[in-house]
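Trainee: Using the hints, position chain B against chain A.
Number of protein chains: 2
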Amino acid sequence: MLTKVKRAYIAGFLDADGSVYVRLKPNASYRFGYQIAPYVALFQSQKDRKKFEEICNLIGLGKLRVRKDGILEYTIGRTEAIKEFLYMVEPFVILKRNQVNLMLEILERKERSRDKKDFLVLAELIERFRELNYSKKRKYHNIH
Amino acid sequence: MLTKVKRAYIAGFLDADGSVYVRLKPNASYRFGYQIAPYVALFQSQKDRKKFEEICNLIGLGKLRVRKDGILEYTIGRTEAIKEFLYMVEPFVILKRNQVNLMLEILERKERSRDKKDFLVLAELIERFRELNYSKKRKYHNIH
Numbered sequence: 153m154l155t156k157v158k159r160a161y162i163a164g165f166l167d168a169d170g171s172v173y174v175r176l177k178p179n180a181s182y183r184f185g186y187q188i189a190p191y192v193a194l195f196q197s198q199k200d201r202k203k204f205e206e207i208c209n210l211i212g213l214g215k216l217r218v219r220k221d222g223i224l225e226y227t228i229g230r231t232e233a234i235k236e237f238l239y240m241v242e243p244f245v246i247l248k249r250n251q252v253n254l255m256l257e258i259l260e261r262k263e264r265s266r267d268k269k270d271f272l273v274l275a276e277l278i279e280r281f282r283e284l285n286y287s288k289k290r291k292y293h294n295i296h
Numbered sequence: 153m154l155t156k157v158k159r160a161y162i163a164g165f166l167d168a169d170g171s172v173y174v175r176l177k178p179n180a181s182y183r184f185g186y187q188i189a190p191y192v193a194l195f196q197s198q199k200d201r202k203k204f205e206e207i208c209n210l211i212g213l214g215k216l217r218v219r220k221d222g223i224l225e226y227t228i229g230r231t232e233a234i235k236e237f238l239y240m241v242e243p244f245v246i247l248k249r250n251q252v253n254l255m256l257e258i259l260e261r262k263e264r265s266r267d268k269k270d271f272l273v274l275a276e277l278i279e280r281f282r283e284l285n286y287s288k289k290r291k292y293h294n295i296h
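Residue numbers (my numbering), protein chains in the order written: chain A, 153 to 296; chain B, 153 to 296.
Isolated chain A, as found in the complex:
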């Protein structure tokens, strides 16, 4: 378990240049035709690669890759890893508080989901999530 100070640092990093996201991905092999695909990512330029790797190693839950545009992206994709990460930063996030809480609710419900009704509730929550990330007030599209 990381110290409070490390967790607060990571929360600040996530708030400033990170992404918490979940979407319904069409996938015929899934029961209701969609896969629930959550992910969390942190971004950074390649300039500080070595030090950014330190931060990624501190977290130790995802994978670092270089995107085609040269930006480093540290992605956490496994559900259990995302939950662990979000519970870790949850007490400290400010900007992404709603996203973190809604994502945790979605992941908890996903595990308990049994029938179509459960799936429709999840789809509704995922739509609410989309609205949180792409509010009409959004004035510019960044890399997040």
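Among the hints, erroneous ones may be present.
All copies of an identical chain are treated as equivalent in the list; a pair is satisfied when it fits inside any one copy or across any two copies.
Pairs of lysine-lysine residues, derived as BS3-like cross-links and limited to a Cα-Cα distance of at most 27 Å, are as follows [stated by the list, open to error]:
| id | residue 1 | residue 2 |
| --- | --- | --- |
| 1 | LYS202 | LYS268 |
| 2 | LYS268 | LYS177 |
| 3 | LYS262 | LYS215 |
| 4 | LYS220 | LYS202 |
| 5 | LYS158 | LYS177 |
| 6 | LYS235 | LYS215 |
| 7 | LYS268 | LYS156 |
| 8 | LYS177 | LYS215 |
| 9 | LYS158 | LYS202 |
| 10 | LYS220 | LYS158 |
| 11 | LYS177 | LYS235 |
| 12 | LYS156 | LYS269 |
| 13 | LYS156 | LYS235 |
| 14 | LYS262 | LYS235 |
No wet-lab data here; the hints were simulated from the structure.
Mentor: Frame of chain A, contents of chain B only:
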């Protein structure tokens, strides 16, 4: 004085989407023809304006403005305020550790600076700073 946890959060935010910068600005009214102009800034999209204002108020050392491209920029420009901010985050920064320490050295030397020799040492340190921010390894130019 902010708690360690708040200071670590702000350090994470600065590392991810902030800027620490100093430049020599041509200005004939200054003794050696140049003004030493330092600044620290945090950036964010307008989407989370209210919560970003919370963070700015927590810091309480700068000014928030909306840039022409719609990005929010919280700028700290007064030397004393920059020093206070940097000492606050210094134990927690990872990516911008070199910039923070070099900037503190420049600001300390600036106060003690008396003659042309002192000014030339400062100019040298400012050049080193420029190299830190725009390393050749930099692969993309972001808004920072």
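Trainee: Output the numbers, in ascending order, of every earlier hint that fails for this structure.
Mentor: 1, 5, 7, 10 and 12
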